[in-house]
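A.B. asks: Now for the letters of each chain:
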Amino acid sequence: MGYSDQLTEKDLIQMYRWMVLTRVFEDRICGLWGKGGVVELPHGSQGQEAIAVGACYGLRQQDHVMPSLRTRGAFLVKGISARVQMAGVYAKVTGPARGKATAHHMGDAERGVLLGSGIVGASITVAVGAALAFKLQRRDNVVVDFFGDGAAQRGDFHEGLNFAGVFKLPIIFVLENNGYSEYTPLSKHFAGSDFACRAQGYGFPGMRLDGNDIFAVYEAVQAAAARARAGEGPTLLECMTYRYRNHCEVQPPEAFRDPAEIEQWQAKDPIARMRAQLMQRGTLTDALVSKITAEVEAEIDDAIQYAEESPFPAPEELYKDVYAPESPELVVGRRS
Amino acid sequence: MRELTYREAIREALREEIQRDDRVFIMGEDVAVAGGAFNVTQGLLAELGPERIFDTPLSESAIVGAAVGAALMGMRPVAEVMFADFTTIAMDAIVNHAAKMHYMYGGEVSAPLVVRLAYGGGMRFAAHHSQSVESWLANVPGLTIVMPATPADAKGLLKAAIRTPNPVIFLEHKLLYNTKGEVREGEYLVPIGQADIKRPGDGVTIVATGLMVDRALGAARSLAREGISAEVIDLRSIQPLDEETILGSVEKTGHLVIVHEAPVRGGFGGEVAAVVANKAFGYLDAPIQRVGAPWTPIPFSPTLEEAYLPKESDIVTAVRSVVGASAG
Chain A
1 MGYSDQLTEK DLIQMYRWMV LTRVFEDRIC GLWGKGGVVE LPHGSQGQEA IAVGACYGLR
61 QQDHVMPSLR TRGAFLVKGI SARVQMAGVY AKVTGPARGK ATAHHMGDAE RGVLLGSGIV
121 GASITVAVGA ALAFKLQRRD NVVVDFFGDG AAQRGDFHEG LNFAGVFKLP IIFVLENNGY
181 SEYTPLSKHF AGSDFACRAQ GYGFPGMRLD GNDIFAVYEA VQAAAARARA GEGPTLLECM
241 TYRYRNHCEV QPPEAFRDPA EIEQWQAKDP IARMRAQLMQ RGTLTDALVS KITAEVEAEI
301 DDAIQYAEES PFPAPEELYK DVYAPESPEL VVGRRS
Chain B
337 MRELTYREAI REALREEIQR DDRVFIMGED VAVAGGAFNV TQGLLAELGP ERIFDTPLSE
397 SAIVGAAVGA ALMGMRPVAE VMFADFTTIA MDAIVNHAAK MHYMYGGEVS APLVVRLAYG
457 GGMRFAAHHS QSVESWLANV PGLTIVMPAT PADAKGLLKA AIRTPNPVIF LEHKLLYNTK
517 GEVREGEYLV PIGQADIKRP GDGVTIVATG LMVDRALGAA RSLAREGISA EVIDLRSIQP
577 LDEETILGSV EKTGHLVIVH EAPVRGGFGG EVAAVVANKA FGYLDAPIQR VGAPWTPIPF
637 SPTLEEAYLP KESDIVTAVR SVVGASAG
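Protein chains in written order, with the numbering used here: chain A, 1 to 336; chain B, 337 to 664.
Hint data in this document are derived by calculation from the structure and do not stem from the laboratory. Every value quoted in this text rests on a predicted model; they were computed, and no experiment measured them. Each hint should be verified, as a subset may be incorrect.
To be verified - Label pairs and their computed distance ranges (CB to CB):
#1 A:L186 with B:N514: 52 to 58 Å
#2 A:I13 with B:E383: 55 to 61 Å
#3 B:D538 with A:E329: 46 to 52 Å
#4 A:K188 with B:N514: 39 to 45 Å
#5 B:E387 with A:E317: 37 to 43 Å
#6 B:E383 with A:E110: 35 to 41 Å
#7 B:A370 with A:R334: 39 to 45 Å
#8 A:Q305 with B:N475: 46 to 52 Å
#9 B:A370 with A:D194: 45 to 51 Å
#10 B:S637 with A:K188: 42 to 48 Å
Each residue gets a CB set at the ideal place from its N, CA and C atoms; glycine is no exception.
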């Protein structure tokens, strides 16, 4: 565990805090859904926080991440505030693209977040292209590309991973295997043994790991990033996890699955697990845990208040930014 | 003035843009070593090196998707999808990603890529290698769609396409690659969005795109012998659409025939007709006519394909009908 060993007490507390912030954010919007205010249909990531936080912690600002539809923590760790995320959930002008994009697929070039896709899996090839640019530009940045087990069945998974393998691109494919593609369990959409072994077919390493163990995720991503920065190409990391909520808030958590299964996984909760580890080594105390929880609750309260008080975009916003400004020597004439 | 083929003009534009801008590169299937399915990029690998032009796996979705990602990171990719028919595979990357990036990033960044496509029939390539796909893409806000008809326009428009900060679909007609035309030496741009009056006239307006510009010019020559003066407008791009040039011409001629190689039904001609009906209805002396392909897939056998493709004689017949309609 070389990389994890180098994490300071401050790092550990910060990682824990990011997971709690992600959890509280998701719990609050799921709770608010259907009561007016929340416009973005929540696709909760509760239970999967260790993957987003473990993978993004310690990345450089210009390392880019491509979030999946269930990677809320990636936005937060990459520096997008809970306020902006929440304003996006409320579809307010203070949210992503002034109300023209959702929070869970938003892009932010400055903070190294690639705009995701509502068509799951499609973002894989775009992430690969960002890695291609890093290679052509001789920058030693990496791309961390998140997607789920459902998205891994898309043709774009094959095209994207093969392309990345052929050109040895600096990209880490983080597959969040939560056992479900929407409502369909893994056993009904996958006849193979695991996804990690697919990497062999593309000429780069793949490994399956415990996605509820933040240290395992951090360790694997840091090692893969070092490989990528050294020009050794991509890595596929299949992170085993589970989502407590259903595909989205249209269905209750227990719909189409056994409630006992949810309970089993809650016993392996990534946040409780890290908390226990940190308390055992004395990094966290009851008092500190309470303090972090209170701070996070206050931060989310503030974000909700900010989102509620922000205005909706004015109708004129609709027409802005369809095309980037063009000089008349290149393009003339009306667009519509 | 020197003459170049359409192919050579495109190659020259690519070479010049790669030499002037470190961000520009070409990728696609067999574009580098083999020089492209239609030899457009032949020789560029030796001149420019393997980082500026390289071959990819047979993965249209990844080619365009990766071009989008690279463009977001500050590159200026020219992605070749070989046959325009294959845009179906890359459609998601073009429609859902390239076209929407600037909007969904709130204007922070954009995806300045060019997708080069060889389109059109006439080579006995049958239903999967011959289609004119422009109207599939014309309903997508965020895209720019260019269809050069001459070597000079191909060069100037492609250079402008590479330099614009927005995604451009660049449609090259396969039967035009060998055609020759005057191309002036050195650096020049043709702004996208300006139609070009390829032949002035005052009796009827013929609006055409791509190879059909040549067919329309042929029709105009034979119509002249009948005493009908046809003005031929080459749209050069359908997005943006140069409405002013079309409307100005129709206001003068009072008659309109629109020609494209794609099927008439649902084709871009319907959009041109709607613009004219909406904004110049009072100037029309006869109903608008459209010439295009019938409502069938593109067939293989020469007799069938010839029956499918719009011909000079179809344009002549359509013009006679609109001019006759107003005379009668």
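A.B. asks: Please flag the earlier hints that this structure goes against, numbers listed from lowest up.
C.D. replies: Hint check: 3, 4, 8 and 9 fail, others pass.
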